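Sequence order for the protein chains is A and B. Going by the numbering used here, the residue at position 175 of the first sequence is 176; the numbering climbs one at a time, nothing skipped. Going by the numbering used here, the residue at position 145 of the second sequence is 149; the numbering climbs one at a time, nothing skipped.
Hints listed in this document are in silico derivations from the structure and should not be mistaken for laboratory results. Here the structure is a predicted model, which is why all the values come from computation and not from measurement. Wrong hints could be hidden among the right ones.
Here are some chain A residues the structure puts well away from chain B; computed CB gaps all over 12 Å [said to hold, decoys possible]:
1) Ser276
2) Ser313
3) Val315
Keeping only pairs whose Cα atoms sit at most 20 Å apart, straight-line, the calculated EDC-like set for lysine to aspartate or glutamate is [claimed, not checked]:
4) Lys141/B to Asp58/A
5) Lys171/B to Asp58/A
6) Lys138/B to Asp34/A
7) Lys141/B to Asp34/A
8) Lys238/A to Glu144/A
By construction, the Cβ of each residue, glycine as well, lies at the ideal position given by its N, Cα and C atoms.
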Amino acid sequence: MGYKWQRGRKVKMSDIDVRDAFFDKVYALAQKDRNLLFLTDDMGAYSLDAFKKNLPDQFINVGVAEQNMISVAAGLALSGKKVFVYGIAPFITMRCYEQIKVDLCCMNLPVTVVSVGAGHTYGSDGPTHHATHDIAIMRALPEITILNPSDAVTTAAFAEMSYKSSGPCYVRIERGRLPQIYNEPDNDFSEGLKCLKSGSDLTIIATGEMVHQAFKVVKRLAEHSVDAGVIDFYRIKPVNENLLLNFLEQSKKIVTIEENSIIGGIGTIVSEILSDNNKPFPLKRLAVNDYHCYKYGDREWLNALSGLDEDSIVKSILDWI
Amino acid sequence: MQKKIYNLKRKANWIRNQVLEMIHKAGKGHIGGAFSCTDILVALYYGGILRFDPARKDWNERDRFILSKGHSSSVLYTILADLGYFSSSHILNYGQPGCMLGGHPDRNIPGVEIDSGSLGHGLGIGAGLALSAKMDKNNFMTVVLLGDGECCEGSVWEAGMFAARHKLNNLVAIIDRNGLCATDFTNNCVYLDPLEEKWSSFGWDAHTINGHSFEGIISALNDFRARKSNKPLAIIANTVKGKGVSFMEGSPNWHHSVPKGEQIEIARRELKWATNGSGGAK
Chain A
2 MGYKWQRGRK VKMSDIDVRD AFFDKVYALA QKDRNLLFLT DDMGAYSLDA
52 FKKNLPDQFI NVGVAEQNMI SVAAGLALSG KKVFVYGIAP FITMRCYEQI
102 KVDLCCMNLP VTVVSVGAGH TYGSDGPTHH ATHDIAIMRA LPEITILNPS
152 DAVTTAAFAE MSYKSSGPCY VRIERGRLPQ IYNEPDNDFS EGLKCLKSGS
202 DLTIIATGEM VHQAFKVVKR LAEHSVDAGV IDFYRIKPVN ENLLLNFLEQ
252 SKKIVTIEEN SIIGGIGTIV SEILSDNNKP FPLKRLAVND YHCYKYGDRE
302 WLNALSGLDE DSIVKSILDW I
Chain B
5 MQKKIYNLKR KANWIRNQVL EMIHKAGKGH IGGAFSCTDI LVALYYGGIL
55 RFDPARKDWN ERDRFILSKG HSSSVLYTIL ADLGYFSSSH ILNYGQPGCM
105 LGGHPDRNIP GVEIDSGSLG HGLGIGAGLA LSAKMDKNNF MTVVLLGDGE
155 CCEGSVWEAG MFAARHKLNN LVAIIDRNGL CATDFTNNCV YLDPLEEKWS
205 SFGWDAHTIN GHSFEGIISA LNDFRARKSN KPLAIIANTV KGKGVSFMEG
255 SPNWHHSVPK GEQIEIARRE LKWATNGSGG AK
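Excised from the complex, chain A in its bound form:
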């Protein structure tokens, strides 16, 4: 079990809000590197208060202006700064998508776009705040690295990985506390994905919070004598195709679970890889419906509408196999 010193207290990694895990790491890096700058589109987080208070010259609230935030970040990066830009997922990807394309990706600049609000995180706030297309659009950009951590350990590690990157990154972080999957500090996340459990009947590929959902599903499937494995697909781009295919060869049936639209997310990525490599393995894609959801409720309830609750996933898989 990993621990972390947080504001003078020793706390378990599973007790840390994953946003804090990310921003505390960025803050620690910024204390050592005055060229690290943090830009926000008027979004805050508890753990950003210390950054703002103690490193005011490195913390810039640009206001609700995502397009300008990305362009300013590009200008700063052109002068040698390491820049993090932060906002709610649909706004910091879709509103300024062309700035991300031209200013960050075409010029291949070391700017990290950090989003909160993956999938239905902002449940009852409605479709304006849902992030169910961000993976689909961001993965279309050639230069970008996309990271989707699944616990506090990966979240903190990805803050450092993106800081060290020489090109643009998109990190899709969660909110709240997540069960710890990885141990510190001996985990190497450079491989892009991790087989957390092997399964002889099928393999579930998930990313972010859905990795935890996958583990719940695996337990339920075992009650039906189905041995399912889990792959944490934490680096969405670039995909480690060879490693993924090696794992998939072992089970030959694949399920993808994601809180992203059925169009363009990890189900699409896996199907592309299977097709391109002439691997006709059965694939079941479970994802958010191709719709804008005008039903209001919390994240779990909205996910259930798309069949992404535990019971529905188990049923879908059992019906399918």
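With chain A held as given, fit chain B onto it using these hints.
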């Protein structure tokens, strides 16, 4: 001063001729906007305003010139080649398959600071560069040339507010106010005027000049590094789209049309240098 102005006029005329031939040969290009901002770029690069050194392209103290209206690339390319950033042979290949110089500038071209072509990006990037210079106590200036049609983009005004908030007095926006966008007069699209007052109200020092007067351009910018104001500076440069060729001047038809047949002959004739400095500078 008279001699300097004469030389600048002659250089501008030479550049317009080069641009005419480039675009004619390539069969593509944005000639109207190129001619409207030619005098501005000539003043910046040859009039002693910008600090640069073609032998040291990455010199950290060079001024950053950003052609936010990237479609006027043909003027910038001609100047950069003339100054020795790259061989003039590239100019002859403009727009040809496999060439270095495309329709819009990119950072792989020596002397070009940013990729541009999509409008509304340059001022925000310029603000980032200017802010970085402040942080690093580097006294380089950032000069961004925008089109007036580009000022329809909301991101321009986002950047304007940001620059004023951060007191970026090392940032200059020059607006090529030729009154035309791609297919129409700007004022038929949106209510742009009064442009100077708009920039002033956004917290900038703002002045309007004749964008074809070298005296006016130099007078507005020659002491820009030593300005006492803590505000960024906006120069609204009133210009004529297609400046120098009668049938192009002020016409909405010459955003990216290419002169052909008799048109090219008329353009060449009108841009022929006259020793009294009138060629292309009527």
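The hints, checked one at a time:
1. Residue placement check: Ser276/A keeps its beta carbon more than 12 Å from all beta carbons of chain B (closest about 32 Å).
2. Every beta carbon of chain B lies more than 12 Å from that of Ser313/A, the smallest distance being close to 42 Å; the non-interface claim holds.
3. At roughly 47 Å, the least C-beta separation between Val315/A and chain B is larger than 12 Å, which holds for a residue marked as non-interface.
4. With a C-alpha separation of about 13 Å, the suggested pairing of Lys141/B with Asp58/A holds against the 20 Å cut-off.
5. Restraint check for Lys171/B and Asp58/A: the C-alpha separation of about 14 Å stays at or below 20 Å, so the hint holds.
6. Proximity of Lys138/B to Asp34/A is assessed by CA-CA distance (about 17 Å); at most 20 Å being required, the pair is judged to hold.
7. At most 20 Å may separate the alpha-carbon atoms for a hinted pair to count; Lys141/B and Asp34/A meet this at roughly 17 Å.
8. Of the supplied pair hints, the one linking Lys238/A and Glu144/A holds, its CA atoms being roughly 9 Å apart against a limit of 20 Å.
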